[in-house]
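Trainee: Chains as they are written, first to last, in my numbering: chain A, 1 to 680; chain B, 1 to 189; chain C, 1 to 292.
Quick caveat, the hints were computed from the structure, so don't treat them as lab data.
Take every hint as true, because none was put in to throw you off.
No more than 27 Å apart at the CA atoms, straight line, and that leaves these computed lysine-lysine pairs for BS3-like:
1) A:Lys447 - A:Lys464
2) C:Lys269 - C:Lys136
3) A:Lys282 - A:Lys328
4) C:Lys241 - C:Lys147
5) A:Lys424 - C:Lys87
6) A:Lys67 - A:Lys79
7) A:Lys424 - B:Lys138
8) C:Lys53 - C:Lys87
9) B:Lys138 - C:Lys87
10) C:Lys217 - C:Lys177
11) B:Lys138 - A:Lys553
12) C:Lys87 - C:Lys55
Being a predicted model, the structure only gives us computed values, none of them experimental.
Listed below are the residues making up each chain.
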Amino acid sequence: MLRENGFGSGPTSGGKTNGAPVNGDPPIRIGVYVCHCGTNIARTVDVERVTEKAGELPGVTIARDYKYMCSDPGQELIKEDIEELGLNRIVVASCSPNLHEGTFRGATAAGGLNPFFFQMVNIREHASWVHEDRESATDKAIDLVRAAVRRVHHHKALETRRVPIKPEVLVVGGGIAGISAALTLADGGKHVYLIEREASIGGHMAQFDKTFPTLDCAACILTPKMTQVRNHPNITLMTMTEVVKVDGFVGSYEVTVKHRPRFIDVSLCVGCQQCIDACVYKRGKFEDEFDAGLSMRKPIYLPNAQAVPQVVLIDPEQCIQFSSGKCKQTCVEACDRDAIFFDQEERIETLDVGAIIMATGFQTFDARRSPHYGYGIYPNVYTALEVERLVNASGPTGGEIVLRDGEKPTAVGIVHCVGSRNQKSNPWCSKVCCMYSLKLAHLIKEKTDAEVYNFYIDMRTPGKGFEEFYQRVASEGTHLIRGKVASVYQQADGDGELLVDVEDTLAGMVRRIPVDMLVLAVGLEPRYDAEEVRRTFNITCSGDGWFMERHPKLAPVDTFTDGVYLAGCCQGPKDIPETVAQAGAAAGQALALIGRGYMELEPNTAQVIAEDCSGCKTCIPLCPYQAILHDDAENRAEINEVLCKGCGVCVAACPSGSIVQNLFEDTEIYEEIEGVLAYA
Amino acid sequence: MLEQADSTVQAPQADLTSQTSAEDFEPRIVALFCNWCTYMAADLAGTSRMRYAPNVRVVRVMCSGRIDPQFVMHAFARGADGVLIGGCHPGDCHYQEGNYKALRRFRLLRRVIESLGIERERLRLEWISASEADRLRKVADEMAADIRALGPLQLSIPAEEFRNAEGAGAEIPSPEIAGETAAKEVAVP
Amino acid sequence: MKKLAYYPGCSLSGTGRAYDESLRAVFAALGEPLEELDDWNCCGATSYMSIDKGKAYALASRNLALAEREDADLLTPCNACYLVLEKTRRHLAESAEMGGRVRHALDAVGLGYAGVVRARHPLEVLTQDIGVERLKEAVKEPLKGLKIAPYYGCQIVRPYATFDDQYHPQTMDQLLKATGAKVVEYPFKTRCCGASQTGTLPEVGLHLVYRLLNEAKARGADVLAVICSLCHFNLDVYQSKVRREYDLEPIPILYFSQILGLALGVPAKKLGIDRCVVSATPVLERRAAHAA
Numbered sequence: 001m002l003r004e005n006g007f008g009s010g011p012t013s014g015g016k017t018n019g020a021p022v023n024g025d026p027p028i029r030i031g032v033y034v035c036h037c038g039t040n041i042a043r044t045v046d047v048e049r050v051t052e053k054a055g056e057l058p059g060v061t062i063a064r065d066y067k068y069m070c071s072d073p074g075q076e077l078i079k080e081d082i083e084e085l086g087l088n089r090i091v092v093a094s095c096s097p098n099l100h101e102g103t104f105r106g107a108t109a110a111g112g113l114n115p116f117f118f119q120m121v122n123i124r125e126h127a128s129w130v131h132e133d134r135e136s137a138t139d140k141a142i143d144l145v146r147a148a149v150r151r152v153h154h155h156k157a158l159e160t161r162r163v164p165i166k167p168e169v170l171v172v173g174g175g176i177a178g179i180s181a182a183l184t185l186a187d188g189g190k191h192v193y194l195i196e197r198e199a200s201i202g203g204h205m206a207q208f209d210k211t212f213p214t215l216d217c218a219a220c221i222l223t224p225k226m227t228q229v230r231n232h233p234n235i236t237l238m239t240m241t242e243v244v245k246v247d248g249f250v251g252s253y254e255v256t257v258k259h260r261p262r263f264i265d266v267s268l269c270v271g272c273q274q275c276i277d278a279c280v281y282k283r284g285k286f287e288d289e290f291d292a293g294l295s296m297r298k299p300i301y302l303p304n305a306q307a308v309p310q311v312v313l314i315d316p317e318q319c320i321q322f323s324s325g326k327c328k329q330t331c332v333e334a335c336d337r338d339a340i341f342f343d344q345e346e347r348i349e350t351l352d353v354g355a356i357i358m359a360t361g362f363q364t365f366d367a368r369r370s371p372h373y374g375y376g377i378y379p380n381v382y383t384a385l386e387v388e389r390l391v392n393a394s395g396p397t398g399g400e401i402v403l404r405d406g407e408k409p410t411a412v413g414i415v416h417c418v419g420s421r422n423q424k425s426n427p428w429c430s431k432v433c434c435m436y437s438l439k440l441a442h443l444i445k446e447k448t449d450a451e452v453y454n455f456y457i458d459m460r461t462p463g464k465g466f467e468e469f470y471q472r473v474a475s476e477g478t479h480l481i482r483g484k485v486a487s488v489y490q491q492a493d494g495d496g497e498l499l500v501d502v503e504d505t506l507a508g509m510v511r512r513i514p515v516d517m518l519v520l521a522v523g524l525e526p527r528y529d530a531e532e533v534r535r536t537f538n539i540t541c542s543g544d545g546w547f548m549e550r551h552p553k554l555a556p557v558d559t560f561t562d563g564v565y566l567a568g569c570c571q572g573p574k575d576i577p578e579t580v581a582q583a584g585a586a587a588g589q590a591l592a593l594i595g596r597g598y599m600e601l602e603p604n605t606a607q608v609i610a611e612d613c614s615g616c617k618t619c620i621p622l623c624p625y626q627a628i629l630h631d632d633a634e635n636r637a638e639i640n641e642v643l644c645k646g647c648g649v650c651v652a653a654c655p656s657g658s659i660v661q662n663l664f665e666d667t668e669i670y671e672e673i674e675g676v677l678a679y680a
Numbered sequence: 001m002l003e004q005a006d007s008t009v010q011a012p013q014a015d016l017t018s019q020t021s022a023e024d025f026e027p028r029i030v031a032l033f034c035n036w037c038t039y040m041a042a043d044l045a046g047t048s049r050m051r052y053a054p055n056v057r058v059v060r061v062m063c064s065g066r067i068d069p070q071f072v073m074h075a076f077a078r079g080a081d082g083v084l085i086g087g088c089h090p091g092d093c094h095y096q097e098g099n100y101k102a103l104r105r106f107r108l109l110r111r112v113i114e115s116l117g118i119e120r121e122r123l124r125l126e127w128i129s130a131s132e133a134d135r136l137r138k139v140a141d142e143m144a145a146d147i148r149a150l151g152p153l154q155l156s157i158p159a160e161e162f163r164n165a166e167g168a169g170a171e172i173p174s175p176e177i178a179g180e181t182a183a184k185e186v187a188v189p
Numbered sequence: 001m002k003k004l005a006y007y008p009g010c011s012l013s014g015t016g017r018a019y020d021e022s023l024r025a026v027f028a029a030l031g032e033p034l035e036e037l038d039d040w041n042c043c044g045a046t047s048y049m050s051i052d053k054g055k056a057y058a059l060a061s062r063n064l065a066l067a068e069r070e071d072a073d074l075l076t077p078c079n080a081c082y083l084v085l086e087k088t089r090r091h092l093a094e095s096a097e098m099g100g101r102v103r104h105a106l107d108a109v110g111l112g113y114a115g116v117v118r119a120r121h122p123l124e125v126l127t128q129d130i131g132v133e134r135l136k137e138a139v140k141e142p143l144k145g146l147k148i149a150p151y152y153g154c155q156i157v158r159p160y161a162t163f164d165d166q167y168h169p170q171t172m173d174q175l176l177k178a179t180g181a182k183v184v185e186y187p188f189k190t191r192c193c194g195a196s197q198t199g200t201l202p203e204v205g206l207h208l209v210y211r212l213l214n215e216a217k218a219r220g221a222d223v224l225a226v227i228c229s230l231c232h233f234n235l236d237v238y239q240s241k242v243r244r245e246y247d248l249e250p251i252p253i254l255y256f257s258q259i260l261g262l263a264l265g266v267p268a269k270k271l272g273i274d275r276c277v278v279s280a281t282p283v284l285e286r287r288a289a290h291a292a
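Please build the complete structure, drawing on both the sequences and the hints.
Mentor: Quick look at the structure:
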């Protein structure tokens with residue numbers, strides 16, 4: 001009864017760990033290397049004692065400790081010992097295998113051994129960095145080393161597997177991150193599918209007016225890039241498209257995408273906008289998303305003036321034709337190109353790609369979640385994104401900064417850190433708000449000559465030219481008040497004038513400052529559907545909800561899923577240059593993968609020992625990759641090694657113990673378990 | 001043959017219990033972690049310099065679905081006071097659904113160990129994602145404290161019988177080899 | 001709806017009698033008459049808590065235990081009682097040590113507390129359990145033309161914002177709007193009423209009272225609605241003192257439940273309207289005359 005649930009083969013034996021030959025092979029000669037990692041390990045773990053204990057273990061020929069095992073001399077040590085002492089197994093106790101397993105396998109191979117005669121012990125992340133007591137951390141390190149030494153006896157020579165990499169790349173998200181990554185890849189001669197959920201590429205950057213600290217016009221630098229995307233022969237641009245499913249694995253992902261209907265044939269529309277003029281709505285009636293709701297548009301509209309593709313779309317929620325079916329269809333009449341199709345439907349398509357770059361961006365903090373700033377309550381409280389549109393010459397006011405009643409403001413407050421650095425909303429610093437708040441202070445002052453008050457907690461200007469910009473804005477006469485705003489309310493008798501109660505920590509007093517416009521520097525946060533997207537792509541989110549990089553220092557654009565890379569704010573708040581740099585790095589990683597043409601996979605696949613298999617078929621439905629077939633003639637299971645991903649589920653389930661997994665053989669795991677338990 | 005082995009095998013058990021007086025008892029916890037989530041969380045706990053109980057010894061497998069119930073039984077038989085299984089959250093398995101297999105086995109396994117007189121607290125399954133270092137810290141500390149309170153694992157049946165139960169129906173290791181292993185463990189200074 | 005045991009607390013049988021009378025009348029008019037918790041005791045308020053936490057928690061938890069015995073939640077109109085009971089519930093859930101001590105104490109009087117009782121404020125019960133729609137349907141005399149400043153005070157949203165927003169509470173606004181009255185924008189709705197400083201530091205306390213009243217006046221409010229008997233006391237009783245120091249027109253202070261009662265057609269007498277120091281009668285009569 002229990003067998004079906006995985007009570008399979010028993011431990012084969014613990015008796016082969018004493019250095020004696022296994023099946024007539026040459027005697028086991030193990031070299032153990034214990035790394036100090038400077039003082040990272042040595043401070044908490046007594047590396048000398050670990051080395052001494054390792055030297056006493058059966059099969060160990062040499063045990064050494066060394067300052068930095070990952071350094072060239074450290075690796076050289078391994079190579080020399082293999083040659084001079086005839087070692088045939090290597091154990092390195094240092095950091096996480098995620099960091100340096102490859103390094104030491106390389107060193108093992110350089111010494112002339114099969115790289116899989118190596119085992120790594122993690123005594124930094126799992127011991128010295130997480131424990132304070134030297135005695136117990138050292139004991140733990142000794143146990144872990146013992147486990148590895150016992151395990152490595154049973155290691156076998158293995159060959160890595162290679163999978164071919166398809167040269168196409170999918171870029172998800174058409175903001176500045178996705179655009180940059182796509183162009184880099186396309187310029188490198190690779191075919192790119194750039195998919196964007198909205199009707200135009202450009203992302204948040206397209207909404208900005210100027211960029212800090214250089215004050216160059218965002219549109220002037222972004223629009224040419226958007227045009228390049230449209231014209232690039234190697235880029236297939238798909239707007240109003242979302243990923244619904246990702247199958248496959250590195251090198252050959254099968255990505256199912258959904259094209260939402262635009263009700264306009266993209267290949268026919270030339271963007272003349274006559275349909276918009278002809279619409280039965282004489283004026284705009286619906287909030288324009290691109291203008292952050294500050295202007296009104298019709299149900300048929302162009303996403304924005306610089307939109308790529310320069311093609312209109314129809315919102316079926318708003319268009320009368322969709323709600324009543326009885327519209328006069330003046331737009332259809334007006335279209336010379338006959339590009340309008342009310343019957344367009346959602347379309348599903350599958351894309352085959354070798355690698356994926358995630359560039360899904362961020363959303364701004366919803367200021368309604370901090371109601372004490374009065375957003376959504378008082379009309380003259382704005383978010384920074386709204387003010388970006390007001391400042392912008394192509395925005396709803398033609399670049400005039402005016403209040404809702406059309407008057408120019410005379411006093412403007414800018415509240416930093418709205419939604420950021422706050423345990424009640426988002427604990428992180430959104431990184432760009434101080435700088436964009438200074439930029440807005442400068443632009444508002446320039447355009448209105450209003451008194452501008454910036455209320456900040458700390459002024460964070462870590463970037464090239466940032467501090468200089470801060471000094472410049474300060475010298476322009478902007479009031480910089482260090483303190484948190486406690487509350488905002490509208491004067492009882494005033495004409496919409498707002499009172500800002502704020503602590504001025506530099507002056508040591510509480511101040512009440514009247515302003516007629518308040519700008520909330522809303523922070524950046526993961527998109528509302530980041531969790532869903534992460535699951536679709538099988539990547540990880542860190543605790544705060546941003547996509548998680550494989551290693552914070554050494555693999556900042558990789559994910560735990562091979563062939564999926566991160567670019568831009570989906571990984572965390574970033575400014576534009578950082579985003580572009582990261583997009584370049586992600587594209588570079590994808591190019592490296594494609595350029596190599598193949599990917600080396602861990603040889604951790606499972607195999608059936610044919611003579612032990614009873615043909616019970618327990619394993620077959622368990623395999624998530626359909627890699628196990630039943631050979632009817634021989635009545636036994638067979639594993640297709642190409643399809644096997646090495647999870648080992650079948651191994652644990654096999655009632656007769658006739659499936660073995662390379663690198664994770666039962667014997668190896670039993671030895672490890674016994675090793676950690678055999679306390680000295 | 002089995003009786004013969006009994007005497008040798010029991011030696012380390014007796015030895016273990018005698019050397020650990022109640023006050024300075026430090027539980028031995030074998031942690032079987034999947035490579036993609038919980039092992040990563042343990043790495044993150046390290047890079048974040050979190051502090052947790054040093055009783056946990058991690059053995060890495062690719063997927064919690066690789067964990068053969070016998071790994072757990074074997075750990076108990078060889079002196080573990082607790083076994084912690086760590087995998088990805090439901091729906092997050094790197095191999096789609098290995099963690100569900102682990103859950104199924106775990107549920108059954110808990111019943112089995114209880115029937116063998118091992119307290120259920122000694123076996124724990126936790127979903128800990130790569131970003132949940134703090135959760136790992138919490139679980140490690142909790143488990144160490146819980147098991148410290150329970151005291152050392154005292155098998156109510158002789159160790160060899162337990163091992164037979166563990167390998168029930170499967171190939172039983174030959175007494176000579178089992179004896180040899182045990183003897184060697186005792187000999188470790 | 002889980003059964004509710006009415007816990008008036010001490011002030012509702014003293015200075016806050018009008019609150020007690022009007023609440024009972026409102027709940028009765030809505031078909032949910034209040035049943036008082038049998039044998040309740042002092043919540044401990046702030047004073048006990050600052051002297052001996054152990055005794056303070058034991059004292060407060062006796063009320064929770066009594067309610068638990070009846071399988072009820074506590075309907076707690078006084079802001080101070082509400083905060084103390086909520087704090088006790090949370091602390092006992094978090095602290096095993098204090099939980100143990102308190103259970104030991106309760107055990108001595110034959111009571112037990114498993115932690116399932118919540119203190120609930122009438123604002124929460126009226127908006128969430130009874131619902132604004134039901135209230136609207138029950139309104140017999142819409143208070144058209146009455147302008148009200150809603151004042152929540154501190155303890156109902158700080159530190160725990162359990163059923164309303166900490167900075168921008170809305171539940172009382174919704175209830176008052178349901179009566180047909182106009183609720184004025186009142187940004188000081190959670191600022192300090194002066195609390196006990198009106199007694200200890202009168203110049204500070206009276207200034208705080210002045211600010212609240214002046215702002216309500218400036219916003220055009222006819223009355224200020226409160227939900228706490230201490231707030232009521234400060235704003236009502238001290239008004240004459242404030243007016244000696246500051247230039248201020250009198251403004252009547254009513255419990256929100258008195259206003260709801262009026263709209264539900266309960267006679268003013270039964271709502272304790274005449275118990276106010278600053279009489280609300282002229283304002284109410286003017287409104288009625290105007291509406292007619």
